[in-house]
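Colleague: Produce the entire structure from the sequences given, and follow the hints as far as they go.
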Amino acid sequence: MSAEDRVASTTQETRRVRVHRFKRDDGPAHVDEHEVPVGARTTVLEALRWIQLHEDATLALRHSCFHASCGTCGVRVNGRERLACVTPLADVGGGTVTVEPIANLPVLNDLVVDMTSFVERFPEAHAIVRDSEFLPQADVPVDLGAFERFEDCIECGLCLSACPVSATDDSYVGPAALAFAQRMLEEDPGTVDRDALLDWADQDTAAWRCHAAFECTEACPSNVRPAQRIMALRKDLRRRRRDQGRAIPEVGSEDPT
Amino acid sequence: MRRSSPHVLIIGGGGTGGALAHDLALRGMQVTLVERGEFTSGTTGRHHGLLHSGARYAVNDKESAVECIEENTLLRHIAPGSFEENDGLFVAITDEDMAYLPAFLAGCEETGIRTQVLQPDEALRLEPMLNPELKVAVRVPDATMDAMRMPLRFFATAKANGAVLLNYVDVTDLERGGGVVTGARVRDVVTGRESTIGADLVVNATGPWSEQVAHMAGVDVPIRPSPGVMLAVRGRLCNMVVNRLHASGDGDIVVPQRALSVVGTSSWVVEDPDDLGVPQDHVQRMIDEGSMLVPAVREAPFRSAWSAARPLIGSKDDADSGRELSRTFKTIDHAVDDGLEGFVTITGGKGTTLRGMAEVCADVVGRKLGVDEPCRTRETVLLPHTAVFAA
Amino acid sequence: MSERRTEDQTPSGVEEILRVRSAEGPVERKSPGPTAWFDVRRRGTGHFAFSLNRITGLGLVFYLYLHLAVLSQLLGGEAAWNGFLETATTPLFLGLDVLLVFGLLAHGLNGLRVALIGSGFVPNRQKALFYTLMTFGAILLIYSAIHVFTAEG
Chain A
1 MSAEDRVAST TQETRRVRVH RFKRDDGPAH VDEHEVPVGA RTTVLEALRW
51 IQLHEDATLA LRHSCFHASC GTCGVRVNGR ERLACVTPLA DVGGGTVTVE
101 PIANLPVLND LVVDMTSFVE RFPEAHAIVR DSEFLPQADV PVDLGAFERF
151 EDCIECGLCL SACPVSATDD SYVGPAALAF AQRMLEEDPG TVDRDALLDW
201 ADQDTAAWRC HAAFECTEAC PSNVRPAQRI MALRKDLRRR RRDQGRAIPE
251 VGSEDPT
Chain B
258 MRRSSPHVLI IGGGGTGGAL AHDLALRGMQ VTLVERGEFT SGTTGRHHGL
308 LHSGARYAVN DKESAVECIE ENTLLRHIAP GSFEENDGLF VAITDEDMAY
358 LPAFLAGCEE TGIRTQVLQP DEALRLEPML NPELKVAVRV PDATMDAMRM
408 PLRFFATAKA NGAVLLNYVD VTDLERGGGV VTGARVRDVV TGRESTIGAD
458 LVVNATGPWS EQVAHMAGVD VPIRPSPGVM LAVRGRLCNM VVNRLHASGD
508 GDIVVPQRAL SVVGTSSWVV EDPDDLGVPQ DHVQRMIDEG SMLVPAVREA
558 PFRSAWSAAR PLIGSKDDAD SGRELSRTFK TIDHAVDDGL EGFVTITGGK
608 GTTLRGMAEV CADVVGRKLG VDEPCRTRET VLLPHTAVFA A
Chain C
649 MSERRTEDQT PSGVEEILRV RSAEGPVERK SPGPTAWFDV RRRGTGHFAF
699 SLNRITGLGL VFYLYLHLAV LSQLLGGEAA WNGFLETATT PLFLGLDVLL
749 VFGLLAHGLN GLRVALIGSG FVPNRQKALF YTLMTFGAIL LIYSAIHVFT
799 AEG
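Protein chains in written order, with our numbering: chain A, 1 to 257; chain B, 258 to 648; chain C, 649 to 801.
No wet-lab data here; the hints were simulated from the structure. Only a predicted model underlies this, so the values are computations on that prediction, with no experimental measurement involved. The C-beta atom is built at its ideal place from N, Cα and C for all residues, glycine as well. Mixed in with the good hints, there may be bad ones.
Computed, partial: chain A to chain B, Cβ under 7 Å [what the hints assert, rightly or not]:
id : residue
1  : T72
2  : V119
3  : Q244
What the simulated footprint calls covered on chain B by chain A, stretch by stretch (three residues with Cβ under 8 Å from a Cβ of chain A suffice, anywhere in the stretch; the number is not a length) [unchecked claim]:
id : stretch
4  : 325-336
5  : 517-531
Straight-line distance between alpha carbons at most 20 Å, and here's what the computed DMTMM-like set of lysine to aspartate or glutamate pairs gives [stated by the list, open to error]:
id : chain 1 : residue 1 : chain 2 : residue 2
6  : B       : K625      : B       : D590
7  : A       : K23       : A       : D56
8  : B       : K587      : B       : D545
9  : A       : K235      : A       : D202
10 : B       : K392      : B       : E451
11 : C       : K775      : A       : E218
12 : B       : K392      : B       : D378
13 : A       : K23       : C       : E663
14 : B       : K392      : B       : E616
15 : A       : K23       : B       : E320
16 : B       : K625      : B       : D595
17 : A       : K23       : C       : E734
18 : B       : K392      : B       : E353
19 : A       : K235      : A       : E186
20 : B       : K392      : A       : E218
21 : B       : K587      : B       : D378
22 : B       : K625      : B       : E636
23 : A       : K23       : B       : E379
Modeller: Shown next, in the form of structure tokens:
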């Protein structure tokens with residue numbers, strides 16, 4: 001729906017919101033319930049901040065940009081990975097809303113996860129700016145070269161949370177890291193060390209660990225399509241191996257060279 | 258063990274706090290920064306991501322304009338790869354807008370902001386989605402930043418240089434004795450435990466919350482939280498920043514953010530920076546004004562609408578809407594203003610001027626603590642933002 | 649600069665916060681574990697296929713064990729084997745046979761899909777591939793089911 005459709009009168013009702021709570025040294029995790037007044041457009045993040053402001057100032061949240069650009073507000077809403085800032089409660093079905101932190105990363109407190117392990121899986125410091133493919137008919141001034149834009153991936157971790165392989169295997173680098181590697185290979189043949197990236201991807205814990213569940217692509221709020229990129233990466237790896245005359249090793253075998 | 262360098266406690270983990278932590282760490286001071294939520298979760302992370310050329314202020318607020326263009330140039334050098342360096346356009350739609358053009362060009366000339374005047378056909382070749390009725394466009398060195406990730410580089414570098422950055426630590430009170438602020442009473446949100454952090458100097462870098470924190474020290478600061486609404490729609494409708502060529506008004510900027518377009522902003526004044534609301538008539542205004550610049554805004558699918566509070570400096574008697582208050586920044590040494598030692602407030606400003614604000618404040622801090630190190634932030638290239646998560 | 653840092657004592661309040669945060673202790677890792685395989689509510693086709701593969705895989709391994717146990721009946725001589733064959737033709741058993749065929753078809757055809765996608769041959773058509781292969785499998789299943797229940801002897 002367009003922005004115009006959104007500008008309508010509000011209705012006042014409440015929703016039951018159940019929030020996962022956890023403080024270090026304060027016992028096991030538990031769930032708190034709140035009745036939150038909501039309007040037609042209230043988002044999950046707005047509901048959580050209402051709880052923080054009016055009912056429980058100790059509730060800890062991650063958020064920053066409020067428009068799906070920073071990727072910090074990832075949570076699981078009724079079991080599905082969503083960005084809280086752009087998830088209207090109206091989209092979550094009519095009943096109780098349960099909010100939990102995203103999965104497969106350590107929980108620091110309440111809904112806040114520790115992104116250190118997420119970031120560490122990436123193969124190298126990422127360049128986050130690339131050429132813009134939007135408005136290709138535009139005439140770019142010579143002195144600018146090409147219009148740039150930030151990479152789609154907002155490092156939100158929703159893909160890692162949704163991945164069923166990550167649920168059982170911590171050593172898997174995960175969809176975001178692999179998608180990033182594939183983007184670098186796709187984007188910049190000149191400035192990127194292709195061999196190093198492909199070596200990194202060519203491991204049991206990397207490109208070969210994926211089992212094609214495609215949940216990462218379903219969960220991604222930013223159109224990265226990590227699953228398709230992992231498959232494209234495998235195609236590159238297959239070609240490289242063929243060119244180098246090596247067979248594809250079995251999963252779990254020793255160093256294939 | 259004797260502490261050999263003075264300890265500065267910075268309250269506030271927005272861009273200003275992060276940049277200050279970076280500057281002070283480079284000057285060899287021991288720095289602790291406390292932020293009650295996630296870094297940049299206050300005002301800093303919420304803005305549309307404009308790296309100001311300063312052209313918006315070239316006519317009415319030349320001090321801000323000069324600050325902006327200087328910092329604009331510097332930031333591209335110390336944070337390479339953190340900007341979409343596509344420039345911006347100031348677009349005249351009405352005759353009234355055209356009347357503003359001479360003063361605009363003169364103001365930019367005076368403040369050192371490069372301009373290039375474009376006729377409608379030239380402008381439309383650059384940005385095909387512009388309102389085809391435009392009368393003239395002026396190209397300026399605007400750019401787009403990721404509003405969280407760029408400031409986060411200051412945090413990352415500060416941390417690597419020894420600053421201790423504590424998010425999820427909430428300041429509940431300031432400790433004072435004999436006219437000196439000696440530290441802060443804090444609650445670690447991660448565990449719920451309370452403790453006291455002692456410091457040789459406490460800096461209040463909390464933006465629109467500045468007054469709340471200042472009151473903990475028993476002093477006042479003339480800061481009014483002045484929120485504005487922003488609207489994000491799906492579709493990258495322009496690659497350059499698109500501004501309306503006029504003095505200033507609601508909805509007069511469209512900033513591309515990845516595959517979205519952000520329209521901003523409006524202005525009103527509140528008492529409580531935590532409870533801003535998102536007035537729907539303001540959102541409607543974003544749609545209406547934004548589509549004057551880029552007509553596709555009107556039908557583009559909705560992504561988000563939110564509010565962010567600017568910290569505007571001005572006394573309570575000043576203008577009601579907040580827009581007339583200056584956008585410059587201010588360092589307040591409370592020893593001078595209020596006879597209270599050990600407490601400094603840095604406030605005002607814009608996302609673009611974070612480094613410059615920090616330099617001025619760090620100079621004051623250095624002077625007060627007898628640390629005679631020069632500022633090194635103009636030439637120090639920042640670490641990538643991901644380094645803030647380094648163990 | 650860093651030399652000066654190591655001489656400094658971390659301020660006491662800060663030290664305590666850092667110590668508590670880094671201590672060994674309950675840091676939750678929210679991982680569903682293998683139960684994630686069974687949660688197909690509001691999940692995509694790909695996840696359903698993944699779960700189906702996991703579950704049929706386990707089922708087939710279990711069947712393999714059963715099959716070997718059954719074959720060991722042969723060691724008991726002709727009488728034992730004939731006794732087994734009587735049970736093997738009861739409707740319940742025939743039903744289980746159909747279930748076996750289902751497992752083989754689902755796992756095999758989906759495996760074919762995973763191989764095609766996972767090797768990068770057909771990366772962009774995973775949903776279409778799933779529906780096509782499963783439809784083909786369903787037809788085969790119905791055909792086999794009819795034969796299992798109506799065959800003589």
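Colleague: Looking back at the numbered hints, which does the structure fail to meet, lowest number first?
Modeller: 3, 4, 8, 10, 14, 15, 17, 20, 21, 22, 23
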